[in-house]
Amino acid sequence: MTSPAVLPRRTAVAILLFVGALFAGNHVSARLAFDDQAGLLLAIVCRSGLTLLALAGFVLWRQPRLRMAPGLLKWQITLGLLVALQSLCLYSAVARIPVALALLIGNTFPILLALLTWALGGSAPTRRACLLMGMILCGLVLVLDLPAWLSASGPMTPAWKAGIGFASLAACVFACGLWITEHRLSSLPGAVRSLYTIMIVFCGMLAAGAAGVVPGGMNLPAGVQGWAALATLSVLYATAFTGLFVFVPRLDMARNSPVMNIEPVASLLFGWLLLDQVFGGLQLAGGAVVLGGIVLLAYSKRR
Numbered sequence: 595m596t597s598p599a600v601l602p603r604r605t606a607v608a609i610l611l612f613v614g615a616l617f618a619g620n621h622v623s624a625r626l627a628f629d630d631q632a633g634l635l636l637a638i639v640c641r642s643g644l645t646l647l648a649l650a651g652f653v654l655w656r657q658p659r660l661r662m663a664p665g666l667l668k669w670q671i672t673l674g675l676l677v678a679l680q681s682l683c684l685y686s687a688v689a690r691i692p693v694a695l696a697l698l699i700g701n702t703f704p705i706l707l708a709l710l711t712w713a714l715g716g717s718a719p720t721r722r723a724c725l726l727m728g729m730i731l732c733g734l735v736l737v738l739d740l741p742a743w744l745s746a747s748g749p750m751t752p753a754w755k756a757g758i759g760f761a762s763l764a765a766c767v768f769a770c771g772l773w774i775t776e777h778r779l780s781s782l783p784g785a786v787r788s789l790y791t792i793m794i795v796f797c798g799m800l801a802a803g804a805a806g807v808v809p810g811g812m813n814l815p816a817g818v819q820g821w822a823a824l825a826t827l828s829v830l831y832a833t834a835f836t837g838l839f840v841f842v843p844r845l846d847m848a849r850n851s852p853v854m855n856i857e858p859v860a861s862l863l864f865g866w867l868l869l870d871q872v873f874g875g876l877q878l879a880g881g882a883v884v885l886g887g888i889v890l891l892a893y894s895k896r897r
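The opening position of the sequence shown corresponds to residue 595 in our numbering, with each subsequent residue numbered one higher.
Because the hints were derived from the structure by calculation, they are not lab data.
Please read these numbers as outputs of a predicted model, since none were measured by experiment.
Accuracy of the hints is not assured; some may be wrong.
[As the list claims (entries may be wrong)] In the SDA-like style, the derived pairs of lysine to any residue whose C-alpha atoms are separated by at most 25 Å in a straight line are: (1) Lys668 / Gly715; (2) Lys755 / Pro809; (3) Lys668 / Tyr893.
[Stated by the list, open to error] Pairwise CB distance ranges, derived in the manner of DEER restraints: (4) Leu714 / Ala608: 32 to 40 Å; (5) Ile671 / Arg721: 32 to 40 Å; (6) Ala825 / Gly665: 36 to 44 Å; (7) Gly837 / Gly886: 36 to 44 Å; (8) Phe652 / Tyr893: 27 to 35 Å.
Idealized CB from N, CA, C, for every residue including glycine.
Given the sequences, and given the hints that come with them, work out the whole structure.
In structure tokens form, the structure reads like this:
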């Protein structure tokens with residue numbers, strides 16, 4: 595079979611910008627749902643359930659072989675559980691701190707992935723990569739406004755501490771998931787891997803809800819806003835995830851993947867418009883430093 599033709603770069607970039615904006619909208623919608631007392635697990639169940647239906651339809655249409663080698667099963671289950679945990683941690687952060695801040699911290703996973711790969715026997719980060727990692731960490735110091743918090747004049751509330759912790763854990767877990775994808779499941783077709791991963795997330799969140807692992811995790815929204823937000827986040831996530839999966843073979847991701855880092859920027863705009871979440875000038879500058887470092891780090895892997 596011949597590979598699908600790569601789309602023109604302008605078209606590919608436009609698609610990735612659109613997908614990034616959809617992912618950002620999903621997180622802002624999640625915050626609106628949480629503000630209306632919707633449960634964390636319920637939100638993940640809704641979005642993963644709709645995405646599972648969309649992916650299942652795509653897989654049935656393409657009809658790939660769904661069986662996998664016995665040695666891959668444990669890694670696939672591990673990946674699914676890690677993605678489920680990452681989703682729960684990121685939504686927990688979104689429920690406590692500004693959406694853009696949660697995504698900026700969560701998007702530091704390239705640093706953790708590079709260090710994890712090195713620790714597990716891979717190549718050491720280059721000097722350029724180390725400098726970019728330092729740049730990203732300096733940017734985080736600004737965007738988190740750590741000097742103000744250390745002087746006891748900033749809003750270091752327990753909710754913010756927990757939100758930052760959850761976002762950091764989401765980045766760590768996602769880095770582990772990416773390492774497994776690259777080093778243990780690379781032989782598994784993307785359609786099969788994605789379908790099983792979303793299925794595990796969906797079933798895992800249902801099981802966690804039934805067991806009461808997260809107090810109030812399956813709470814229903816209190817009003818129309820919460821239900822509308824749940825429906826919106828489900829549609830946005832399912833559209834973005836499935837659309838990205840369908841178009842990936844034609845997007846030249848090795849060249850264009852850093853465009854996906856538009857997500858924190860879009861969430862900053864949506865958070866300002868819909869949630870009245872505003873950052874100070876120093877925090878915005880720090881966010882720009884973090885985002886720029888992430889983009890350059892993504893490019894440095896290929897240069």
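Status of each hint after checking the structure:
1. Between Lys668 and Gly715 the CA atoms are separated by roughly 21 Å; this keeps the pair inside 25 Å, and the hint holds.
2. Proposed proximity of Lys755 and Pro809 is supported: the alpha carbons are some 19 Å apart, at most 25 Å.
3. A hinted pair counts as satisfied when its Cα atoms are at most 25 Å apart, and Lys668 with Tyr893 does not qualify at roughly 32 Å.
4. Distance hint check for Leu714 and Ala608: the Cβ-Cβ separation is about 37 Å, which falls inside the suggested range of 32 to 40 Å.
5. Checking the proposed 32 to 40 Å range against Ile671 and Arg721 shows it holds: the Cβ atoms sit about 38 Å from each other.
6. For the pair Ala825 and Gly665, the supplied restraint of 36 to 44 Å holds, since their beta-carbon distance comes to about 40 Å.
7. Remark: the range hint 36 to 44 Å for Gly837 to Gly886 is contradicted by a beta-carbon distance near 26 Å.
8. Distance hint check for Phe652 and Tyr893: the Cβ-Cβ separation is about 30 Å, which falls inside the suggested range of 27 to 35 Å.
Hints 3, 7 from the earlier list are contradicted by this structure; the remaining hints agree with it.
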